[in-house]
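J.: Next come the chains, spelled out residue by residue.
There are 2 protein chains.
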Amino acid sequence: MDAALSRHLDVVKGDLIRMTQLVGSAMNRATQALLDADLAMAESVIAADAQIDILASDVEEQCLDAIAQDSPGSSELPELIGALRIAASLERMGDLAEHVAKQARLRYPRLSIPQELRGTFAEMGGLAEAIVSKTGSVIATRDVALAADIGRHDAEVDRLHRELFTIVLSSSWPHGVESAIDVTLLSRYYERYADHAVSVTRRVVTIVTGEPYVGVSL
Amino acid sequence: MDAALSRHLDVVKGDLIRMTQLVGSAMNRATQALLDADLAMAESVIAADAQIDILASDVEEQCLDAIAQDSPGSSELPELIGALRIAASLERMGDLAEHVAKQARLRYPRLSIPQELRGTFAEMGGLAEAIVSKTGSVIATRDVALAADIGRHDAEVDRLHRELFTIVLSSSWPHGVESAIDVTLLSRYYERYADHAVSVTRRVVTIVTGEPYVGVSL
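Protein chains in written order, with our numbering: chain A, 1 to 218; chain B, 1 to 218.
Just to be clear, a hint being listed does not mean it is correct.
[Stated by the list, open to error] If you only want the chain B side, here are some residues facing chain A, beta carbon under 7 angstroms, derived:
# : residue
1 : Leu9
2 : Val11
3 : Gly14
4 : Gln69
5 : Leu169
6 : Trp173
7 : Pro174
8 : Glu178
9 : Ile181
FYI, nobody ran anything at the bench for these hints, they're computed from the structure.
Where is the CB? At the ideal position from N, CA and C, for every residue including glycine.
Excised from the complex, chain A in its bound form:
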């Protein structure tokens, strides 16, 4: 591989890892803003999303330059195309964290979620953090064994998502329609966030192994 291509791939990889850190931090802080009705925290997540978008554009530019100038071979080309897709998924994960923060801001100074569901959302936030941190590791180390962990975390997020549906739809739900919709949309943001992390992981596994990943719930 020539030096320019290797440099482009390094920059792209660094950008993608940095993106996983930023979207992880964004969801983590959005969850805090949600759990504590913390307006300043919510605003900081919303303001920081631009940085994620800039990194996504940078990845796209680097990949295009590498494809156009470095004559990538049959092993590097799928990697460059994969990086474009991964950047798009990570950008969307940043948007979803921003959606959570905007929901917290919308209901401020009230909490967006009833007190008794704070534990469930804290758990979803913790799973989101674990998923994105492992996704960053998969990109950095290519240790595809982590994919199984990510799949299990994702299944857990799906379970909590279904559980929240059951709760807001039970006849004893005391918080009214607005709150039920808030909970449902928020829960969906976490669920989509985890799905995108799974799709990033799938891409990496395909690049590393050359085959579609068919492991646990991925």
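Based on these hints, arrange chain B on the given structure of chain A.
T.: Using the frame of chain A, we list chain B on its own:
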């Protein structure tokens, strides 16, 4: 441009136009299934989604082949990369139509939406159809003047989406929490569908003009 590249670009363009037709038909039929609680129609939308996914894979393969084998120049390369992104958006639009169909199936034989909101969802379905049909035209003809129409339709979908929120949150909403959540999620599927069509249009405009599109609400 060499003949192989030109052939690859033609196949990709044909696949993308076909995808707009399929995701348009899917959302159209999903809307019918929703409005009429038509189970067979819903099942047909769900079954047909695989065909859309296959076309998306075909676009990806063709683009990779073209990039690897045809030495695309600085004008064709962004087009090939753009096509990858467009295929991903269209695939997601197919998924959203499938979500609408699955919602119709979930509540069958009941209607998923209250009688008095059928008109609003019919209108959203009509706008989705108009948007995707014009998006197909933009891809086919590169007539970027259609972008302004698409932006206006999208703004209209956003307005209906907000209107539905207001309705389900009003104190006089008589249909309970489950129905409010169904309406909210369904409305969000149409809104995301329109957003993806806008993002496809933006990509085409950028390819054609070489500049980001900054027109009406795009």
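J.: Against each hint, give a clear statement of whether it holds in the structure.
T.: Each hint, compared with the structure:
The beta carbon of Leu9 (chain B) comes no nearer than 16 angstroms to any beta carbon in chain A, farther than 7 angstroms, and the hint placing it at the interface is violated. With 7 angstroms as the threshold, the beta carbon of Val11 (chain B) stays out of range of chain A, its nearest partner Cβ sitting at about 17 angstroms, so the hint is violated. Taken as an interface hint, Gly14 (chain B) does not check out: its beta carbon lies about 21 angstroms from the nearest beta carbon of chain A, beyond 7 angstroms. A cut of 7 angstroms between beta carbons decides the hint on Gln69 (chain B): the least distance to chain A is about 10 angstroms, and the hint is violated.
With its C-beta approaching chain A no nearer than about 5 angstroms, Leu169 (chain B) sits inside the 7 angstroms limit, and its interface hint holds. Annotation: interface hint on Trp173 (chain B) holds; nearest CB of chain A at approximately 6 angstroms, less than 7 angstroms. A least Cβ separation of about 11 angstroms between Pro174 (chain B) and chain A goes past the 7 angstroms threshold, and the interface hint is therefore violated. With a least beta-carbon distance of about 5 angstroms to chain A, the hint placing Glu178 (chain B) at the interface is held under the 7 angstroms criterion.
Among the interface hints, the one on Ile181 (chain B) holds; its C-beta lies about 5 angstroms from the nearest C-beta in chain A, closer than the 7 angstroms criterion.
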